[in-house]
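Residues per chain, in single letters:
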Amino acid sequence: MAVNPGDADADELPSVLWGLDPVFSAYSRLYITDILQMKESRQVPGVYFYKTHPIFKVDVLGTVVYKREREDFYCYGVDDSTGVINCLCWKDEKYSDQGESTKSRDPSGSSRGFNIEDELKRLKETEQKSTVLEIGDLLRVRGTVKTSRDAREISATSFYKVDDPVMAEQISRMLEMPQVYRKCYDQPFQMPGDDLGGTAAGGSSRFHYLLSRAVLTLKEFFLEKEVARFRPYDVEFLLHPLIQSSSAEQESDQPGTSFATQIRNLLKETLSVLQDEGQIFRKIRTQDEVYNVTEQDKDLHTAIKDVLREDTKREKYAEKGCHVLHILSSVRQRYSQNLSREVLEVALTFLECNSDIISTTEAHYTVL
Amino acid sequence: MLLPPAVFHFLWEINTDLVKDGASVRTYGRSVHVLKFSEMVRLISYEPEGSKAILSGPQSSAQCHVSVQTTLVEPFQPTLGAQYFVLGEIEKTDGLSGVILHARALSSIDGVDLTLMQKAIMEQRCFFNERMPEICASSPL
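Going down the list, the sequences are from chains E and V.
For the first sequence, the tail end lands on 1735 under this note's numbering, and the numbers increase by one without skipping.
For the second sequence, the tail end lands on 344 under this note's numbering, and the numbers increase by one without skipping.
Just so you know, the hints here were simulated from the structure itself, not pulled from any lab data.
Keep in mind it's a predicted model, so treat the numbers as computed, not measured.
Treat the hints with care, as some may be off.
Some chain E residues flagged as far from chain V (calculated, every beta-carbon gap over 10 Å) [claimed, not checked]: (1) Phe1391; (2) Pro1412; (3) Val1582; (4) Phe1597; (5) Arg1598; (6) Gln1611; (7) Val1640; (8) Asp1643; (9) Leu1695; (10) Gln1704; (11) Arg1708.
Derived lysine-lysine pairs resembling BS3-like cross-links, with alpha carbons at most 27 Å apart [said to hold, decoys possible]: (12) Lys223/V <-> Lys295/V; (13) Lys1592/E <-> Lys1665/E; (14) Lys1650/E <-> Lys1665/E; (15) Lys1406/E <-> Lys1513/E; (16) Lys322/V <-> Lys1550/E; (17) Lys1528/E <-> Lys322/V.
By construction, the Cβ of each residue, glycine as well, lies at the ideal position given by its N, Cα and C atoms.
So here's chain E without its partners, still in its complex pose (with noise of 0.2 Å):
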């Protein structure tokens, strides 16, 4: 049954969205008077609205105060003092055969002290015992709503007896749950990235968006061209349709700004962002802007391997390797004083990902 969004109620969200939010991956703790009168999804059915938020998972805690039994599963009515909700808590079918494990005891196994299978049968028998519960036990059940003949009730996914001598659990429970619902349910559900259409208010997640865009693009230039070394106007062009694309979409936006103005404060951000991440590097620092990228400078991993090739016929560093500082300031004297960190852990990782070189711990490298 498709959706047009045109037409249907304005307060249902489209079922594409859904997965945005997420309260609707989580086991919502929905009192069980607003379980019992959410509304079905009129996209989904299966799925029930309270308010602005799709729900189709819940978790309640409550007493019992109904019980039935069946083959494979027990029905407890479930009463959170706001309302009552019958849950189906679906039998373990290990348990099932309680019966046939009791009547082997191998006598020559007693003999050590700690039995294991005396002991994983009482492990068995307590897991059974939490999940039969009387009228009156306190029960906790996670499962999914469902509708049947004209009732919601819960088919649980886990449900256990709490243990609450004290009601410590109640208590913290009835004064969670208004929390939870100021801060969660009653908040309308926000659509996240709704700026990246380029509309006025969002200015600056806009350039966000771009620049994440533009160091993408460049980062592919640079794998596909094998770009070892470039200098900024080189690489211009690359941005040219971004911008281009973006504008296209925001007319009245920005009238100052020249398209070369965009183009400038884009690229020098990116180069900006690639620095930090350690994918180009500045060998020299001098007027003229070359901009290396590391994992193509064959110069520097020769270095790099150098210096491992080297340290580690050492004594002191034959056996665990050499610390990632130490290869920076051994390599920074031989290659290039500018080197940051960051460029060096990117070529390390990628000598790694090649097999020329090994990390014996997180921080440590040799070579093979």
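Let chain E serve as the given structure and place chain V on it in line with the hints.
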């Protein structure tokens, strides 16, 4: 249709008109007196079939006494002076004992933090009162 939910009430509220006859409630209090009484209908005659306990609230004035009919939760080993949590139906009679709570679930909660419990119940009530106008406004199912 399932049983109605048992709403939290304090002992002193049960004796007033706030709680209607036949309502399902949850409450807690200290047991002060245990008597063996007759079957459920008659309150005062000494026969070992029925059983009845009296719970009192913190002030232990007459206002805070509620009688609890414990037939449904037998065997009930009472400890005088201990705190109990009760869930059941209210029956208001004109007899001497006033209000009777027919217990469906009864458990000992000795050691409970009373002030915290009271605070939690009040907080929950505040929240429900805040929501009430909204719930009335939206269409109920």
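Cross-check of the supplied hints:
Every beta carbon of chain V lies more than 10 Å from that of Phe1391/E, the smallest distance being close to 21 Å; the non-interface claim holds. The Cβ of Pro1412/E sits about 16 Å from the closest Cβ of chain V, beyond the 10 Å cut-off, so the non-interface label holds. Against chain V, the non-interface label of Val1582/E holds: every CB pair exceeds 10 Å, the least being about 46 Å. Consistency note on Phe1597/E: stated as away from chain V, and its beta-carbon is indeed over 10 Å from all of that chain's, at 61 Å minimum.
Even its closest Cβ contact with chain V, about 63 Å, leaves Arg1598/E beyond 10 Å, as expected for a residue assigned away from the interface. Its beta-carbon lying about 48 Å from the closest one in chain V, Gln1611/E satisfies the requirement of being farther than 10 Å from that chain. A cut-off of 10 Å between C-beta atoms confirms that Val1640/E is not in contact with chain V; the least separation is 46 Å. Remark: the non-interface label on Asp1643/E is consistent with the geometry, its nearest Cβ contact in chain V lying 47 Å away (cut-off 10 Å).
No Cβ of chain V approaches the Cβ of Leu1695/E within 10 Å, the least distance being about 56 Å, so the stated non-interface status holds. Gln1704/E, annotated as away from the interface, keeps every beta carbon of chain V farther than 10 Å; the closest lies near 63 Å. For Arg1708/E, the condition that its CB be more than 10 Å from all CB atoms of chain V holds, with the nearest at approximately 51 Å. Of the pairs offered as hints, the one joining Lys223/V and Lys295/V holds, with about 8 Å between alpha carbons and a cut-off of 27 Å not exceeded.
In summary, the hint linking Lys1592/E to Lys1665/E is supported, as the alpha carbons are separated by about 15 Å, within the 27 Å threshold. Proximity of Lys1650/E to Lys1665/E is assessed by CA-CA distance (about 13 Å); at most 27 Å being required, the pair is judged to hold. At roughly 12 Å between alpha-carbon atoms, Lys1406/E and Lys1513/E fall within 27 Å of each other, so this suggested pair holds. As the CA atoms of Lys322/V and Lys1550/E are separated by approximately 20 Å, the hinted pair is consistent with the 27 Å bound.
With a C-alpha separation of about 25 Å, the suggested pair Lys1528/E and Lys322/V falls inside the 27 Å cut-off, and the hint holds.
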